[in-house]
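Protein chains: 2
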Amino acid sequence: MSVLVVGSMAYDAVETPFDKREKSLGGSAMYFSTAAGYFTDVNLVAVVGDDFLHTDIAFLKEKRVNMDGLTTEKGSTFRWGGRYLENMVDRETLFTELGVFEAFKPVLPESYRNSDYIFLANIHPTLQGEVLKQVNQPKFVALDTMNFWITGTPNELAETLKMVDCLVVNDEEVKLLSGETSLFRGAKKIQAMGPQTLIIKKGEHGSILLHEDKYFSCPALPIEQVFDPTGAGDTFAGGFMGYLAMTDNIDADNLRRAICVGTAMASFCVEAFSADRTRALEEKDIKERLALLMDLGRVSTDNMWIV
Amino acid sequence: MSVLVVGSMAYDAVETPFDKREKSLGGSAMYFSTAAGYFTDVNLVAVVGDDFLHTDIAFLKEKRVNMDGLTTEKGSTFRWGGRYLENMVDRETLFTELGVFEAFKPVLPESYRNSDYIFLANIHPTLQGEVLKQVNQPKFVALDTMNFWITGTPNELAETLKMVDCLVVNDEEVKLLSGETSLFRGAKKIQAMGPQTLIIKKGEHGSILLHEDKYFSCPALPIEQVFDPTGAGDTFAGGFMGYLAMTDNIDADNLRRAICVGTAMASFCVEAFSADRTRALEEKDIKERLALLMDLGRVSTDNMWIV
Chain A
1 MSVLVVGSMA
11 YDAVETPFDK
21 REKSLGGSAM
31 YFSTAAGYFT
41 DVNLVAVVGD
51 DFLHTDIAFL
61 KEKRVNMDGL
71 TTEKGSTFRW
81 GGRYLENMVD
91 RETLFTELGV
101 FEAFKPVLPE
111 SYRNSDYIFL
121 ANIHPTLQGE
131 VLKQVNQPKF
141 VALDTMNFWI
151 TGTPNELAET
161 LKMVDCLVVN
171 DEEVKLLSGE
181 TSLFRGAKKI
191 QAMGPQTLII
201 KKGEHGSILL
211 HEDKYFSCPA
221 LPIEQVFDPT
231 GAGDTFAGGF
241 MGYLAMTDNI
251 DADNLRRAIC
261 VGTAMASFCV
271 EAFSADRTRA
281 LEEKDIKERL
291 ALLMDLGRVS
301 TDNMWIV
Chain B
1 MSVLVVGSMA
11 YDAVETPFDK
21 REKSLGGSAM
31 YFSTAAGYFT
41 DVNLVAVVGD
51 DFLHTDIAFL
61 KEKRVNMDGL
71 TTEKGSTFRW
81 GGRYLENMVD
91 RETLFTELGV
101 FEAFKPVLPE
111 SYRNSDYIFL
121 ANIHPTLQGE
131 VLKQVNQPKF
141 VALDTMNFWI
151 TGTPNELAET
161 LKMVDCLVVN
171 DEEVKLLSGE
181 TSLFRGAKKI
191 QAMGPQTLII
201 KKGEHGSILL
211 HEDKYFSCPA
221 LPIEQVFDPT
231 GAGDTFAGGF
241 MGYLAMTDNI
251 DADNLRRAIC
261 VGTAMASFCV
271 EAFSADRTRA
281 LEEKDIKERL
291 ALLMDLGRVS
301 TDNMWIV
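As they're listed, the protein sequences go chains A and B.
Per the working numbering, the very first residue in the first sequence carries number 1; after that it's consecutive.
Per the working numbering, the very first residue in the second sequence carries number 1; after that it's consecutive.
A portion of the hints provided could be inaccurate.
Intra- or inter-copy, both count: the list cannot distinguish identical chains.
Pairs of lysine-lysine, DSSO-like flavour, derived with a Cα cap of 30 Å [as the list claims (entries may be wrong)]: (1) Lys-287 to Lys-133; (2) Lys-133 to Lys-23; (3) Lys-23 to Lys-202; (4) Lys-74 to Lys-175; (5) Lys-63 to Lys-105; (6) Lys-287 to Lys-188; (7) Lys-188 to Lys-105; (8) Lys-162 to Lys-175; (9) Lys-175 to Lys-202.
These are calculated hints, taken from the structure and not from any lab test.
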């Protein structure tokens, strides 16, 4: 099965305590596709300006990414600039220049309309909803959002949330969206808004999946030095959705496996600027990382004092 | 096998956003023993003042806790007062009255000297070292400490660390003790100081075990409402050490199982003030909680795309 992603293509300026890069390929749709393309065909929907160098994403075409939905408009490609603090978690946004992204109206090519797996990256919730109106009965729809939309467009977000199966957020966003101080009470409250599946990203602390009434906790890999966390969340989503689409299975056990695949992919992303590391993987790299992750959480209960 | 614990007995005054209690039984040795006593015989070393009501710990005697090492001195029992903030993680200390704890010099009863499993709760590192000089070749020694000793008595702590197998700390303490901003680089640096086993407690985010060159990540149970986190770390240590002593096995797999037992015990501790919940458990409660924890981290790899 193929996966459709709608999101941003961008040029980022990223500073970390170790290094900086003035113009780095970024954007949620880019990070997502780079990861998902290892697992399945990806139908990408995004917009770039006429300053965009298409050679920068030639590597996506060599993977399994269909670019029919990438439009070029007159103007500048979306730019984001940020600086990470010493802990490599907190960051300040230095600038956001929307450019052609400001007037982005995703229109799906005819060939995309039967996509079964859909990822709505972090854009205006009304646009996310517009995408869903253009597809025929998808099997599994996941949505990412952020505090900006949760507080700025709560009604639009609530409308769109009714139509999605899975919400991908971080722990702060769960609390903000639900109005609960308890993460776990908040998660259940969000289920009542629509999505029966929640993925709560906690960065270095891993992630939590709530599916129906069961939790799954997936650790993050022990990375000695995070180099650039930009795009890790979308890379995670790419691994997660790509694996689901590849296996075409959304049962509880497979969702857990997909979370593990997403976690492994995200661990590569933080090791370099942009998708520099993620785009150059071999199958054995991914399998090795997954095997490490499996060992990280392994408990042998053969001799355990439990029923 | 029995486990020996040296630490504090205290009366705490605890305030949370939900409730408060003026005089609550506390202290690291109390929390530790309450949990460890479900698994093995516990030899307790602590001091209380002549204001201490021994009926408050009658429940410990009914478990498997040997009180020969509990001395009563003229003066006040150690008192600590604290207030938890809305997130139930951050807290302010309102007062600390050391009382008889200030002149605490742990002396081990003869019957304790062959203890194989030893837990040195968070006290002055020189006192922790004095305890080790009084025991005959223990099998496994674990030590807890805090920022106060890491910055205040670094040389004394370094001396004692050379004699222990396992250090139990939180993530901030790893960074402080190692001088590293990376948790995982810091952990390895601490191994070079002595302990080959490190347990990094991350509260709601679970814990990480570093044993020799392998990491194990254990999630925390999804608690919808933490009621009082006081003592959770010592309760964790009690479950961990109690299980190790019961099974008398310190191999890599059993350390992982012990971490799970500690995690399950800590999850009870936060559900009520003091050890109110932890002291009243039945074996089936613990087994049920452990089964929940096992399911929380479970990944079925039968059909997974990994080697």
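Using 30 Å as the alpha carbon limit, work out where Lys-162 and Lys-175 are close: within a copy, between copies, both or neither.
-> within (19 Å within a copy, 43 Å between copies)
Intra- versus inter-subunit Cα pairing at 30 Å for Lys-133 with Lys-23 = neither (35 Å within a copy, 61 Å between copies)
Is it within, between, both or neither when you check Lys-287 against Lys-133 at 30 Å Cα-Cα?
-> For Lys-287 and Lys-133, neither the intra-copy (37 Å) nor the inter-copy (48 Å) Cα distance is at most 30 Å.
Alpha-carbon proximity between Lys-175 and Lys-202, which holds within one copy, between copies, both or neither at 30 Å | both (13 Å within a copy, 20 Å between copies)
Intra- versus inter-subunit Cα pairing at 30 Å for Lys-74 with Lys-175 | neither (39 Å within a copy, 49 Å between copies)
Using 30 Å as the alpha carbon limit, work out where Lys-287 and Lys-188 are close: within a copy, between copies, both or neither.
-> between (33 Å within a copy, 25 Å between copies)
Identical-chain pair category, Lys-63 with Lys-105, by Cα at 30 Å = within (26 Å within a copy, 68 Å between copies)
If the cutoff is 30 Å on CA atoms, where do Lys-23 and Lys-202 land: within, between, both or neither? Let me know, please.
-> This pair counts as within: shortest intra-copy Cα distance 27 Å, inter-copy 36 Å.
First find the shortest C-alpha distance between Lys-188 and Lys-105 inside one copy, then the shortest across copies, and answer within, between, both or neither for a cut-off of 30 Å.
-> Neither way: Lys-188 and Lys-105 sit 32 Å apart in one copy and 50 Å across, limit 30 Å.
Hint check: violations occur at hints 1, 2, 4, 7; the rest are consistent with the structure.
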